[in-house]
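Trainee: Read off the chains here:
Number of protein chains: 2
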Amino acid sequence: MFEPDFDKGNGLVPVIVQDFDSKEALMLAYVNRQAWLSTLETGKATYWSRSRNSLWVKGESSGNVQLIREILVDCDSDTLLFKVEQVGGAACHTGYQSCFYRRISDGKEEIVGKKVFDPEDVYK
Amino acid sequence: MFEPDFDKGNGLVPVIVQDFDSKEALMLAYVNRQAWLSTLETGKATYWSRSRNSLWVKGESSGNVQLIREILVDCDSDTLLFKVEQVGGAACHTGYQSCFYRRISDGKEEIVGKKVFDPEDVYK
Chain V
1 MFEPDFDKGN GLVPVIVQDF DSKEALMLAY VNRQAWLSTL ETGKATYWSR SRNSLWVKGE
61 SSGNVQLIRE ILVDCDSDTL LFKVEQVGGA ACHTGYQSCF YRRISDGKEE IVGKKVFDPE
121 DVYK
Chain P
1 MFEPDFDKGN GLVPVIVQDF DSKEALMLAY VNRQAWLSTL ETGKATYWSR SRNSLWVKGE
61 SSGNVQLIRE ILVDCDSDTL LFKVEQVGGA ACHTGYQSCF YRRISDGKEE IVGKKVFDPE
121 DVYK
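Same order as they appear, the protein sequences are chains V and P.
Going by my numbering, the first residue of the first sequence is number 1, and it counts up by one from there.
Going by my numbering, the first residue of the second sequence is number 1, and it counts up by one from there.
It cannot be assumed that every hint is accurate.
Which copy is meant is left open, because identical chains are indistinguishable; a pair holds if it fits in one copy or across any two.
Unchecked claim - With a straight-line cut-off of 20 Å between C-alpha atoms, the simulated EDC-like cross-links for lysine to aspartate or glutamate are:
id : residue 1 : residue 2
1  : K114      : E85
2  : K108      : E3
3  : K23       : E85
4  : K114      : E3
5  : K114      : E41
6  : K115      : D7
7  : K23       : E70
It is worth saying that the hints were derived from the structure and are not from the lab.
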């Protein structure tokens with residue numbers, strides 16, 4: 001049974017989350033062993049929230065869950081890549097499609113992402 | 001002048017590296033402030049190697065440098081996304097196009113990536 005290298009990051013492994021169809025990079029999150037096993041079992045991306053210090057089924061509040069379509073692992077087995085179907089079309093709690101909605105150029109940030117929902121309507 | 005949040009990760013910020021054209025996720029790396037500023041200045045992806053504890057101009061041994069095409073930052077400013085032109089077509093030191101050349105399914109790993117070079121020919 002394959003297991004990521006949880007030792008290197010003190011029990012946490014970073015996960016690149018990518019939209020399976022559009023290939024947009026959606027976010028970076030972290031799994032511990034529990035979140036990893038739960039993701040495999042449920043088919044829904046489940047992370048470890050470092051700010052809340054708890055298991056986090058992505059989309060449990062907003063309904064914007066991430067259905068696992070493919071899981072890849074890097075050469076060192078210390079980083080994962082989840083290719084997902086992003087329900088609701090937005091991964092970011094700000095309402096943007098991707099958490100990477102700001103481009104940096106000449107030292108300044110510029111919004112380039114697409115806003116899909118208004119967070120005030122979703123998180124009540 | 002925009003600066004990523006280096007405090008959260010003890011001076012390091014993770015960077016998702018994505019091929020600008022194919023949108024393949026190539027690798028995950030880390031920058032400290034020095035690597036970040038060097039990347040901006042040179043236009044070549046420069047990371048902080050956690051294993052060697054030193055600045056790492058990606059591709060300086062293999063010639064497979066990563067030319068920065070676009071830089072994005074996530075909602076928390078604690079993760080970066082470099083969209084790059086991968087010179088030589090391979091990001092991974094194993095010779096694969098992407099470090100994510102193994103797929104996990106049913107608990108087993110399967111090689112799905114494309115091998116571009118033989119590491120023994122490149123790292124002498």
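Trainee: None of the hints should be skipped; say for each whether it holds.
Mentor: These are the hints, each one checked on the structure:
no., hint, verdict
1, K114 - E85, "within (17 Å within a copy, 24 Å between copies)"
2, K108 - E3, "between (40 Å within a copy, 9 Å between copies)"
3, K23 - E85, "both (10 Å within a copy, 16 Å between copies)"
4, K114 - E3, "neither (35 Å within a copy, 23 Å between copies)"
5, K114 - E41, "neither (32 Å within a copy, 29 Å between copies)"
6, K115 - D7, "neither (37 Å within a copy, 28 Å between copies)"
7, K23 - E70, "both (12 Å within a copy, 16 Å between copies)"
The structure shown violates the earlier hints numbered 4, 5, 6.
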